[in-house]
Amino acid sequence: MWSRRQSHLRRVACGVEELRCRRREREAALRKARREQQLVSKRLLREAPEEAPAKGAAAVLGEAEIHQFLQLAQRGSEEKEREKALISLRRGLQHLETQQTFIRLEGSMRTLVGLLTCNRALLQLEAARCLHELSHSEQSVVAEACLPATSYLLTYLSGHSSDFIELCLYTLGNLIVESEAVRRQLLPQGIVPALASCIQSPHVAVLEAVGYTLSQLLQAKEAPEKIIPCVLDSTLLQHMLQLMQPGPKLSPGVTVEFAWCLHYIICSQVNNTLLITHGALSTLVLLLLDLAEVVQRMENAGLELLACPVIRCLSNLLAEVAVEDVGGQMQLRDERIVAALFILLEFFLQKQPSLLPEGLWLLNNLTANSPTLCTSLLSLDLIEPLLQLLSLSNVVSVLVLTVLCNVAEKGPAYCQQLWPGPLLPCLLNTMALSDTEVVSQSLELLQLLFFYQPEAAQAFLQQSGLQALEKHQEEVQLQDRVRALRQTALRC
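Residue numbering for the sequence shown follows our numbering, starting at 66 and increasing by one per position.
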């Protein structure tokens, strides 16, 4: 800590240390919020356009019609007739009212499971599609009614038809996220080993479905205790990281799914050391560099879908381990990572402003304990582009100021390069704001700057800095820090 470097300024240093402690507490709260914000969703594989009804949408089915279609599917004289009955039932199950009627009808699920397990491939496929429609229901009671079918869906993951495996995976993924009872049944029956087998498929569609199903499983509330340890003990992690390696074989859809899987595993904090040992940081850094290259080549290719989980994964891993401690594993200390991140920040600014805080949070975690990367910020002349972001929002302002604090904390040589320049006018502007967090972070940065660069304090006084402080001297949360900064400025 810089406060220990010169004993004659310990009173001021204690104030700054308190500010940094508060900042760490805020960062911990933000990490917790990010862990709790999960993307729970369901996927629906709808029929091909050529199979769609010629006119209008399918009608809601009553008990009599459902019973009739099930009877025809079970005992029809011709296979084509049986298949058509299941197609009609499936289309009717697109409606919630039909779904509710179906699960209330005695024996309906038993009949459907019987068709799923029959020796007729076309009937099996249509029965699976009916279950898939049910799995997409908005009501958890409908999903739980599918419980008798889940064991068979799991068994079929070892089949030979990639289309059928894909359908079973998405159906299981929809059911897993909805029902704890489904998860309790599937875990001991081997859902994790089954996914570890499917992830070795040569079919991209199957791999994407594996990623979706695994991500749904990893979002369960019991995942940190019961699911993630099983996943880490399997071969899933190694295969995930292999599939996320940049190169000609990289599939964007697959990579997005597994990047979110990795995000949920990291947020669980079960064993992030294992992830680093297996090369997760290296893979993520390579992906970040690759994303920056792609951004420069094309206008907009939905890159934010991958950039978001990649940046979150890196941010959360680096929140637990210093960059300097893992730099030898992958060139994390290489200035290319800072340059790549700024390319993405510019892309976010133009196309996806909501992702700017994510990128700045990563920059914060990269620079917090790394003098090397703070040097890169200065040598690449990236301080001014950072300052230009201060006017965007309070959230962005706090993160930009936090990154600048990381640089200033590194000592006199760093503050000398921050000063002179546009920094002080920008800080005086942020001091004019009413947001307490922005002003607090500005005060912290000024305290560091004055400590290492007394000329900055003199310029602050000359540019009406004391008047800027007076605006906040009555605010309870800022009083002590305003007083401390005033004393520091007058003493320099």
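I should point out that these hints are in silico values taken from the structure, not numbers from a laboratory.
Quick caveat, the model's predicted, so the values are computed rather than measured.
All C-beta atoms in this analysis are idealised placements derived from N, C-alpha and C, irrespective of residue type, glycine included.
One or more of the hints may lead you astray.
Unchecked claim - What follows is a set of in silico ranges between Cβ atoms, one per label pair, in the way DEER data are often shown:
id : residue 1 : residue 2 : range
1  : 209       : 370       : 48 to 54 angstroms
2  : 169       : 336       : 40 to 46 angstroms
3  : 542       : 228       : 58 to 64 angstroms
4  : 385       : 287       : 40 to 46 angstroms
As the list claims (entries may be wrong) - Calculated cross-link-like contacts (lysine to aspartate or glutamate; reagent style EDC-like; alpha-carbon spacing at most 16 angstroms):
id : residue 1 : residue 2
5  : 149       : 130
6  : 107       : 203
7  : 536       : 502
8  : 291       : 358
Taken at face value, is the distance from the CA of residue 358 to the CA of residue 291 at most 16 angstroms? violated, 39 angstroms
Given the hinted pair residue 107 and residue 203, is their Cα-Cα distance within 16 angstroms? Roughly 9 angstroms separates the two Cα atoms, so the pair holds.
If you check the beta carbons of residue 542 and residue 228, does the distance land in 58 to 64 angstroms? holds, 59 angstroms
Under the criterion that the straight-line Cα-Cα distance not exceed 16 angstroms, is the pair residue 536, residue 502 satisfied? Holds: residue 536 and residue 502 sit about 15 angstroms apart, inside 16 angstroms.
Return holds or violated for the Cβ distance of residue 385 and residue 287 against the range 40 to 46 angstroms. Given about 23 angstroms between the Cβ atoms, the range is violated.
Honestly, do residue 169 and residue 336 meet the 40 to 46 angstroms range at C-beta? For residue 336 against residue 169, whose Cβ atoms are near 45 angstroms apart, the range 40 to 46 angstroms holds.
For a C-alpha distance cap of 16 angstroms, please report whether residue 149 and residue 130 respect it. holds, 13 angstroms
Do residue 209 and residue 370 keep their Cβ atoms within the hinted range of 48 to 54 angstroms? Violated - the Cβ-Cβ distance for residue 209 and residue 370, about 31 angstroms, lies outside 48 to 54 angstroms.
When held up to the earlier numbered hints, the structure conflicts with 1, 4 and 8 and fits the remainder.
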